[in-house]
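**Q** One-letter residues, chain by chain:
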Amino acid sequence: MDPLLLQVGVSEVASAVNFTWILVVSFLIFFMHAGFAMLEAGQVRSKNVANQLTKNLLTWSVGVMAFFLIGAGISSLVGGGGFAWTAGADPGSWASSWLYGAVFAMTAATIVSGAVAGRAKLRAYVTYTFLLAAIIYPVVTGITWSGAYFSQYLGTTFQDFAGGMIVHGMGGIAGLTAAYVLGPRIDRYNSDGSVNVIPGHSLTFAVLGTLILAFGWYGFNVGTAAIFTSGESGMLFNGAVLGRVALTTTLAMAMGAIGAGTVALAKTGKVDTLYVANGLLAGLVGITAIPNVASWWGAIVVGALAGAQLPIVFGFVEKTLKIDDVCAVFPVHGSAGVLGTLAYPFVAAGGFAGVNAVITQVAGVLVITVWTVITTGLVFGVLKALGQARVSETHEREGLDIAEHGVESYPEFSLGDDATMTDGG
Amino acid sequence: MDPLLLQVGVSEVASAVNFTWILVVSFLIFFMHAGFAMLEAGQVRSKNVANQLTKNLLTWSVGVMAFFLIGAGISSLVGGGGFAWTAGADPGSWASSWLYGAVFAMTAATIVSGAVAGRAKLRAYVTYTFLLAAIIYPVVTGITWSGAYFSQYLGTTFQDFAGGMIVHGMGGIAGLTAAYVLGPRIDRYNSDGSVNVIPGHSLTFAVLGTLILAFGWYGFNVGTAAIFTSGESGMLFNGAVLGRVALTTTLAMAMGAIGAGTVALAKTGKVDTLYVANGLLAGLVGITAIPNVASWWGAIVVGALAGAQLPIVFGFVEKTLKIDDVCAVFPVHGSAGVLGTLAYPFVAAGGFAGVNAVITQVAGVLVITVWTVITTGLVFGVLKALGQARVSETHEREGLDIAEHGVESYPEFSLGDDATMTDGG
Amino acid sequence: MDPLLLQVGVSEVASAVNFTWILVVSFLIFFMHAGFAMLEAGQVRSKNVANQLTKNLLTWSVGVMAFFLIGAGISSLVGGGGFAWTAGADPGSWASSWLYGAVFAMTAATIVSGAVAGRAKLRAYVTYTFLLAAIIYPVVTGITWSGAYFSQYLGTTFQDFAGGMIVHGMGGIAGLTAAYVLGPRIDRYNSDGSVNVIPGHSLTFAVLGTLILAFGWYGFNVGTAAIFTSGESGMLFNGAVLGRVALTTTLAMAMGAIGAGTVALAKTGKVDTLYVANGLLAGLVGITAIPNVASWWGAIVVGALAGAQLPIVFGFVEKTLKIDDVCAVFPVHGSAGVLGTLAYPFVAAGGFAGVNAVITQVAGVLVITVWTVITTGLVFGVLKALGQARVSETHEREGLDIAEHGVESYPEFSLGDDATMTDGG
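Chains as they are written, first to last, in the working numbering: chain A, 407 to 831; chain B, 407 to 831; chain C, 407 to 831.
Hints listed in this document are in silico derivations from the structure and should not be mistaken for laboratory results. Owing to the predicted nature of the structure, the values given are computational and were not obtained by experimental measurement. Misleading hints may appear alongside valid ones.
Same chains, same names: a pair is fine if it fits in one copy or spans any two.
[Stated by the list, open to error] Computed list of lysine-lysine pairs in BS3-like fashion (alpha-carbon distance at most 30 Å, straight line):
#1 Lys673 with Lys790
#2 Lys790 with Lys676
#3 Lys725 with Lys673
#4 Lys676 with Lys725
#5 Lys790 with Lys725
#6 Lys790 with Lys728
#7 Lys673 with Lys728
Using the sequences plus the hints, can you model the full thing?
**A** And the structure:
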């Protein structure tokens, strides 16, 4: 027999393929930060671009340190495995477990920055990011992926494959909560309650960000499936799951864009570019909890609904709730994530998943929502009470780039006559 | 014997490595949509940017649905395998076969949007995209990759490894045809036949798109080679082919940029940035049919010629044919793809490939060209006859962003004095 | 026994996994060119954007040809293996050895373009790039990675895992040297020696470039570790090294951003966006020589120092040395690379690496520095003596886009009143 088999056997090679796959998809998911940065920068005014970019850079930098020093340990602690400090873990796990977890955690964190754009103080945002990465998000993964508490109490596992609720839903709900506590940008609403639209400064950057995110999302969803799974009698090739995730992710993405574009066309007679882009993302969010179990037609339905709800929910948040969710993070990540998570029992490839599955999904969504709203509200509420949540009105009107960062994002380009007229923030 | 071998043996692991590779390269090829979006957005006027971006988003979204529901089945039907509906296929194949095919199909589709920029109606473009993804492109793959009809009739296989003709040549020819039927943008040509140059709004986005495309192209070309091939006596590591494709792709890309830059320098005394960028892409297109069989010097020659022909063919299309191919998709994808495909017998690593190979390559190019011109001309001709092909003159002058999408891409930046003077479209 | 084992055995599959990994990370490292292009374009004035983009495109195109025809052979020649011409090598090695080496070489080359922005003649820059890829850089790898001369003379191997000194340090030092020889842009310094800040035209492109670079850097660092290493008794899974590299790269990146942002905040009271972005990159550069051997706390320390030194060294270069390093390539790549390389013995996971290691690291840094300064100074010195190094004052004031490339990067956007007032170059 080949003596090499003594060193690496077939199962070791299969494990290494899994490990390599995790590395590649972790890089892809990391790259989503470029997507978020561009998507959000494109959707804010030119006077707040540098602020948005800085927040994205610091979300990753501060968040990843918090998750290394504290967050990953909290997740295992809440999950029942004790506080497993990353620094003391097996070096191999630093990639396959820690980095892989960190890129998901930072996705949740960065979503919030889009909601609070244009008026949150940098220090307030960074404080929240630290707490999100250290505690708020790890508790969510602790009770779900790490702890599976719902299966203990309800008999069925909470189905959230890649974080449709745990990452995106949580981030979108946190963003909405933070935007509510902060209040809207100056001049976003008139005294009679009517709404002023404050368009972002660059659709090109916004769409670039969308496509970078979609690219990274293949890592996010397909990369959550292992190449080989460990069964009782050895390792099994996971091709059927990988193929299903690749298909359902693609179909839901496509239908999200079509759904949002169609609703926009029906409402306004025009195919709003930003709705199409954000609809594509909402379709992706919608399927993220269930890409491994959804039927192909279920992916189409969930994607279409996730896209179609976007213009409607955005209008509801803007006009009825009067919350200034600048980058539409709630309709894109929040409501779309909830929708897909709750849809699971009805669109499963194996047929209706049963009443217990419905209850488990609802329970999971409720618990994560309540935890996120309370903790996020508390953090921003305290910061607000301390006068540390928002920049001053002068700084908001001047733009956060000058006030917080001392830079202009586009020092050479002159602004149009009405560039400073639409809003004060 | 290790019981794990009963579960996954060496050949299963090798197959899984192939599968993983296909996943990764499919993601890379998908990311080319971000490249096309940026390349095209950068080459259109600021008033048409959102339109170009929306077309790219919808090319993927509508096209992928058409390819899922119809196109993939048509390809197998034309190829002689019957209409194999994707929804009923083995889930593993949804990644390794369907998604992998879809990302190539959507590349062909998105090329066309660059040619018809600035005046095609959104509904016309989307209609064509649907038909391209459902029928026009699948017929091309059906008679080549799926059916190998040329080898039946001519004895030699039509050599098009990764779609130099099947994807890029086809897309470039379709774009030229569509641009011809639509007619040029208003004010593109003066009444005396002289030409007005209408520069794109951002070279930075155009070059970003170029480099994203080049990145994805490694997936496109190298990813068309499997890691292991199945031989009669088992699976064989395909390193020699993978290495050759990686090298020839790199050399042709480099020489494309150098070739186009040199011709531009010779013609105008300056190294036009856009020619260098598009030349780099033309070099990639040129090698795409033959990266697995070309010699290293052949890659250099084909890349240099593909780059060098770009400024010349672009001038011919613009000044002699008077076709308004906005993003130069014909010289980049069309003529460069034809050039590389026809060059095969003369630059093959194994020496001259024989007269039959010359005939087969010519026949393949001709059949694909005729099919593409007829079907594309028909679709846009019918749309034109129905008055649905072009936006109104008012909308064209105003810009398609406002007219078709109700948005401004850069609402804050003021345009220069002559920003609205160069063209009406 | 499975007859397939006769074809591919476990060790062949393991080798193929290594090969596949090298392909993927080579693509990622190639993509860093898009990052450099955006980072540098964002940091130059709008009148020099096309020039910067063209330089990046030609760096890759010309450089890769030079490295194919000459450079790779020079590296093996200097390393003691004779001039191994790439064209004659085993095709498999064209990917696993040549392309993999080329993407590192081109990274070193492209760094220089950021230092000489806004006044170097295109032909001067291209000439230098050719020589760098053909000779200057290959000699550096020849005496280190290929030749291991330091271990012959000093007993310990020069520790530079992924090119912290060999690629980035060398590039940063070359850039500083070139910028010194060329002299500053017109109006960069007043006659009394005081400094005019010339801000780049787009922070958004600069931050996009930063995040693309960080994405590619995972390929750069983690991809330098093989999935399997060849031991005496067979192949061994390299998970512990892969995991350590992934962790230390991530931590150093994060701390680089935090370190630079903190120093900027302390110095100016504001968190300068560009310092945070460049700090993130400096943190990555800092760890690049040692990600496989640094302790987790060492990565934190090196990253923090690499970030913190950035604003300080940048000020020193600008105000004391009065060298116009436009894109801060010396503080980002040069001093940060030196710092990390020298830090190795003190932050190694296994404890202090010994005095010999200190001497070897210092010797390696010195030899590479001296070689780089002399050769770069010589090339640009000769070009300067021939009057070919810099564009004319008229062309510099007009902008290199018009003068060298005959294009405007943003023909539609009007420039602000003071857009042409800050500098002449």
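**Q** Are any of the numbered hints broken by this structure? If so, which, sorted upward?
**A** Hints that this structure does not satisfy do not exist here, as all of them hold.
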